[in-house]
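Enquirer: Since the structure of chain P is already known, use the hints to place chain V on it.
Protein chains in written order, with our numbering: chain P, 1 to 354; chain V, 1 to 268.
There's no promise every hint is true.
What the hints assert, rightly or not - Label pairs and their computed distance ranges (CB to CB):
no. : chain 1 : residue 1 : chain 2 : residue 2 : range
1   : P       : 162       : V       : 263       : 23 to 33 Å
2   : V       : 176       : P       : 112       : 21 to 31 Å
3   : P       : 30        : V       : 114       : 37 to 47 Å
4   : V       : 72        : P       : 246       : 49 to 59 Å
5   : P       : 316       : V       : 17        : 48 to 58 Å
6   : P       : 191       : V       : 159       : 24 to 34 Å
7   : V       : 256       : P       : 234       : 22 to 32 Å
8   : V       : 210       : P       : 30        : 51 to 61 Å
9   : P       : 71        : V       : 35        : 50 to 60 Å
10  : P       : 199       : V       : 228       : 35 to 45 Å
11  : P       : 246       : V       : 214       : 51 to 61 Å
As the list claims (entries may be wrong) - The calculated lysine to any residue pairs, modelled on SDA-like cross-linking and capped at a C-alpha distance of 25 Å, are:
no. : chain 1 : residue 1 : chain 2 : residue 2
12  : V       : 178       : P       : 273
13  : P       : 289       : P       : 348
14  : V       : 178       : P       : 243
15  : V       : 71        : V       : 204
16  : V       : 178       : P       : 213
17  : P       : 149       : V       : 226
18  : P       : 46        : V       : 175
19  : V       : 178       : P       : 211
20  : P       : 226       : V       : 251
21  : P       : 225       : V       : 199
22  : P       : 246       : P       : 199
23  : P       : 349       : V       : 267
24  : V       : 241       : P       : 143
25  : V       : 250       : P       : 299
26  : P       : 149       : P       : 36
27  : P       : 149       : V       : 26
28  : V       : 241       : P       : 146
29  : P       : 289       : V       : 251
30  : P       : 76        : V       : 175
31  : P       : 246       : V       : 264
32  : P       : 76        : V       : 177
33  : P       : 19        : P       : 49
34  : P       : 246       : V       : 266
35  : V       : 178       : P       : 221
36  : V       : 241       : P       : 300
37  : V       : 31        : P       : 133
38  : P       : 226       : V       : 252
39  : P       : 76        : V       : 149
40  : V       : 250       : P       : 345
If you are wondering where the hints come from, they were derived from the structure by calculation, not from laboratory data. The beta carbon of each residue, even a glycine, is placed where N, CA and C say it ideally should be.
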Amino acid sequence: MESILVLTHADESGAALSKGSLEAVTAGRELAARLAAELTIGIVAKDATDAARQVAGAAKRVLAVEGEAFTQARFKSDAAACEALCRAARATIVLASESSRFARVMAAVAHRAAGVIDTHVTAIGGADSVEATRWFYRQRIEAVMNREKRPWFLMVESGTHPAYAGSTTHPTFDSGAGQVQVEQIVVDLPAMRTNVTGTRAPKLDAQTIRPEAKLLFVAGAGWTKKQPDGQIHVEQAGELILSFLKTSGASLGSSKSLVDQGGEGNSVLPFLTHLNQVGQTGSTPRHAKGLSTCCHGEEPHVVGWRFVGERRAVSLDPNCGWTRGKADVVYVADAFEVIERVNALLEKKASPGS
Amino acid sequence: MGFHIVVCAGIVPDPLQTLEPATGPNGPGIKTEMVLPAVLDPWAASALYEAANLAGKNPGSKVWLVSLGPKAKLQQVMMSVAQKVSFELVPIDGPIGGFPDAQATAAALAETIGAIPGLERARLMLFGGWESATRGAGVTLQLVGERLGIADQFQGVDAIEVREDGSFEVLERVEGGKHQVSVCTGVPAVLGWATGNLAEPRNNPQVGMANMRTIMPALQKAKMVTLDANGLQYVSVSLPKQQRATRVEKNMSADEIAAELVAWMGAE
Numbered sequence: 001m002e003s004i005l006v007l008t009h010a011d012e013s014g015a016a017l018s019k020g021s022l023e024a025v026t027a028g029r030e031l032a033a034r035l036a037a038e039l040t041i042g043i044v045a046k047d048a049t050d051a052a053r054q055v056a057g058a059a060k061r062v063l064a065v066e067g068e069a070f071t072q073a074r075f076k077s078d079a080a081a082c083e084a085l086c087r088a089a090r091a092t093i094v095l096a097s098e099s100s101r102f103a104r105v106m107a108a109v110a111h112r113a114a115g116v117i118d119t120h121v122t123a124i125g126g127a128d129s130v131e132a133t134r135w136f137y138r139q140r141i142e143a144v145m146n147r148e149k150r151p152w153f154l155m156v157e158s159g160t161h162p163a164y165a166g167s168t169t170h171p172t173f174d175s176g177a178g179q180v181q182v183e184q185i186v187v188d189l190p191a192m193r194t195n196v197t198g199t200r201a202p203k204l205d206a207q208t209i210r211p212e213a214k215l216l217f218v219a220g221a222g223w224t225k226k227q228p229d230g231q232i233h234v235e236q237a238g239e240l241i242l243s244f245l246k247t248s249g250a251s252l253g254s255s256k257s258l259v260d261q262g263g264e265g266n267s268v269l270p271f272l273t274h275l276n277q278v279g280q281t282g283s284t285p286r287h288a289k290g291l292s293t294c295c296h297g298e299e300p301h302v303v304g305w306r307f308v309g310e311r312r313a314v315s316l317d318p319n320c321g322w323t324r325g326k327a328d329v330v331y332v333a334d335a336f337e338v339i340e341r342v343n344a345l346l347e348k349k350a351s352p353g354s
Numbered sequence: 001m002g003f004h005i006v007v008c009a010g011i012v013p014d015p016l017q018t019l020e021p022a023t024g025p026n027g028p029g030i031k032t033e034m035v036l037p038a039v040l041d042p043w044a045a046s047a048l049y050e051a052a053n054l055a056g057k058n059p060g061s062k063v064w065l066v067s068l069g070p071k072a073k074l075q076q077v078m079m080s081v082a083q084k085v086s087f088e089l090v091p092i093d094g095p096i097g098g099f100p101d102a103q104a105t106a107a108a109l110a111e112t113i114g115a116i117p118g119l120e121r122a123r124l125m126l127f128g129g130w131e132s133a134t135r136g137a138g139v140t141l142q143l144v145g146e147r148l149g150i151a152d153q154f155q156g157v158d159a160i161e162v163r164e165d166g167s168f169e170v171l172e173r174v175e176g177g178k179h180q181v182s183v184c185t186g187v188p189a190v191l192g193w194a195t196g197n198l199a200e201p202r203n204n205p206q207v208g209m210a211n212m213r214t215i216m217p218a219l220q221k222a223k224m225v226t227l228d229a230n231g232l233q234y235v236s237v238s239l240p241k242q243q244r245a246t247r248v249e250k251n252m253s254a255d256e257i258a259a260e261l262v263a264w265m266g267a268e
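Isolated chain P, as found in the complex (with noise of 0.2 Å):
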């Protein structure tokens, strides 16, 4: 019979539990409920008081391993935790969120219990036997696929399950909504050689990366490209773009080929880094909605659309990639002219007294 462990840990407010972990406690509850499984939850937080209350009535068992040393995200520090935390569960499957915190350690975690790890699974399945779907060759291909070994762990894909939002009437779970024991495991840690000392964002004017965004727009090489005058207009280039996404709230993705631009000692896009490039030696990023602009829509970038549900694409270009079914629309025309109309109707929109 199989017992199941999630992995969670605190958001940076270092209290409440990451969006990706209450998304792994749901995936949990609903395979444990399929299984008819026990299920425990393992917190890691510098004060687990308040995230244990968030999955109160979840879960049989909660662990928490707490302390100063376990606000930093830090290998050395959280792979002990999370071993630990296997060791007082001793479950047979462990899940846990693919956040960058636990993407760190949990190969290694997985290996100190002598089990297997699958990651980036985006669906648990399976009759009998649990199965895992994840993509492999930068989502070109699907596979579904189960193991014998145990204790198996999975990293589930963020946007895959809801968060977790508190007790709901499941009986084998309900233990009194905002009641929770939680057990404590202490962890005796070696000494640190590594600090964190913080966070950096991009030199950026603005942040353009913003994963909760419904709408990813993406730029492409073409920005950058001579114009019908004959000219570049890189500065009017990014004028638009920021604007547009000031006026959308879009996040902004780009392709390979122009942040490679910076590069090579072109004209170039200020605000563009490699954090901002999709595809295949990029993000994936996971939006309702997705509009490309001057791009052409080859397959190492598109692969990195995957996961973005509605897609639609400006370009000058009536045979570019977009238009062989990879967008649901194809608009044959000049991006400056079209996202210049579009950012004039969203300013009217959000000031419509004006």
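Expert: Chain V only, in chain P's frame:
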């Protein structure tokens, strides 16, 4: 003293190639993968360039490139990679592709690295891509580091700055387009690289000739490995069926397109 930098890098199909899954006697793979043009894994290639750059700045450093793949395929890819930067190749003759188990791959890599003659663990920086373009799991390098007993690991690295006292600052990608800044007192350490900050070096025939003098003998002596499945079974391997019925609008004015886009963006 300099660093001993070991870069783990696999080989992957050229990103522009069409990939089609096929099942063979050893499990799933890519149809005609052995004849598809291959390149060094992109993020691991970033790691190699960063390693060479770091070695250049720290006299006495040395770079090893450890790569697992079919010997013939490794030889093809090394013909171009060898012209980029100086390194000593440590090839492992094994299966290609993303479907073999990551745990078994890591075990083979760790065993090989542990047996590199002259490698000093106290000077070791273990580099690689934070994820491959095949399996893309982001676990292999971490497992290699764990097997080698390295307790300071960093993933999604975009920059490293080594200080005079031997400590170094690392920037790792975290959520929201930010970097986490960490300071480590010194090596050994594992750094799984993202894009980094270096452009691809230009081909240098002299570097290529020097590298090839050691690459060919190393390939001839490459150890052959088989990878344990660790109980991994594939239920299905398939291409996504999602093919959109694209509406191509060639005659709409900019005003009409803008109005339609704004309405679409606002719709739930």
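Enquirer: The structure should be examined with respect to each hint, and the outcome stated for every one.
Expert: We went through each hint and held it up to the structure:
no., hint, result
1, P:162 - V:263: 23 to 33 Å, "holds (28 Å)"
2, V:176 - P:112: 21 to 31 Å, "holds (30 Å)"
3, P:30 - V:114: 37 to 47 Å, "holds (42 Å)"
4, V:72 - P:246: 49 to 59 Å, "holds (54 Å)"
5, P:316 - V:17: 48 to 58 Å, "violated (27 Å)"
6, P:191 - V:159: 24 to 34 Å, "holds (26 Å)"
7, V:256 - P:234: 22 to 32 Å, "holds (27 Å)"
8, V:210 - P:30: 51 to 61 Å, "holds (57 Å)"
9, P:71 - V:35: 50 to 60 Å, "holds (52 Å)"
10, P:199 - V:228: 35 to 45 Å, "holds (39 Å)"
11, P:246 - V:214: 51 to 61 Å, "holds (55 Å)"
12, V:178 - P:273, "holds (11 Å)"
13, P:289 - P:348, "holds (22 Å)"
14, V:178 - P:243, "holds (22 Å)"
15, V:71 - V:204, "holds (24 Å)"
16, V:178 - P:213, "holds (16 Å)"
17, P:149 - V:226, "holds (19 Å)"
18, P:46 - V:175, "holds (20 Å)"
19, V:178 - P:211, "holds (11 Å)"
20, P:226 - V:251, "holds (22 Å)"
21, P:225 - V:199, "holds (21 Å)"
22, P:246 - P:199, "holds (23 Å)"
23, P:349 - V:267, "holds (14 Å)"
24, V:241 - P:143, "holds (13 Å)"
25, V:250 - P:299, "holds (23 Å)"
26, P:149 - P:36, "holds (20 Å)"
27, P:149 - V:26, "holds (19 Å)"
28, V:241 - P:146, "holds (22 Å)"
29, P:289 - V:251, "holds (23 Å)"
30, P:76 - V:175, "holds (20 Å)"
31, P:246 - V:264, "holds (18 Å)"
32, P:76 - V:177, "holds (24 Å)"
33, P:19 - P:49, "holds (17 Å)"
34, P:246 - V:266, "holds (15 Å)"
35, V:178 - P:221, "holds (24 Å)"
36, V:241 - P:300, "holds (18 Å)"
37, V:31 - P:133, "holds (21 Å)"
38, P:226 - V:252, "holds (23 Å)"
39, P:76 - V:149, "holds (11 Å)"
40, V:250 - P:345, "holds (22 Å)"
Violated hints amount to a single one, hint 5; each of the other numbered hints is respected by the structure.
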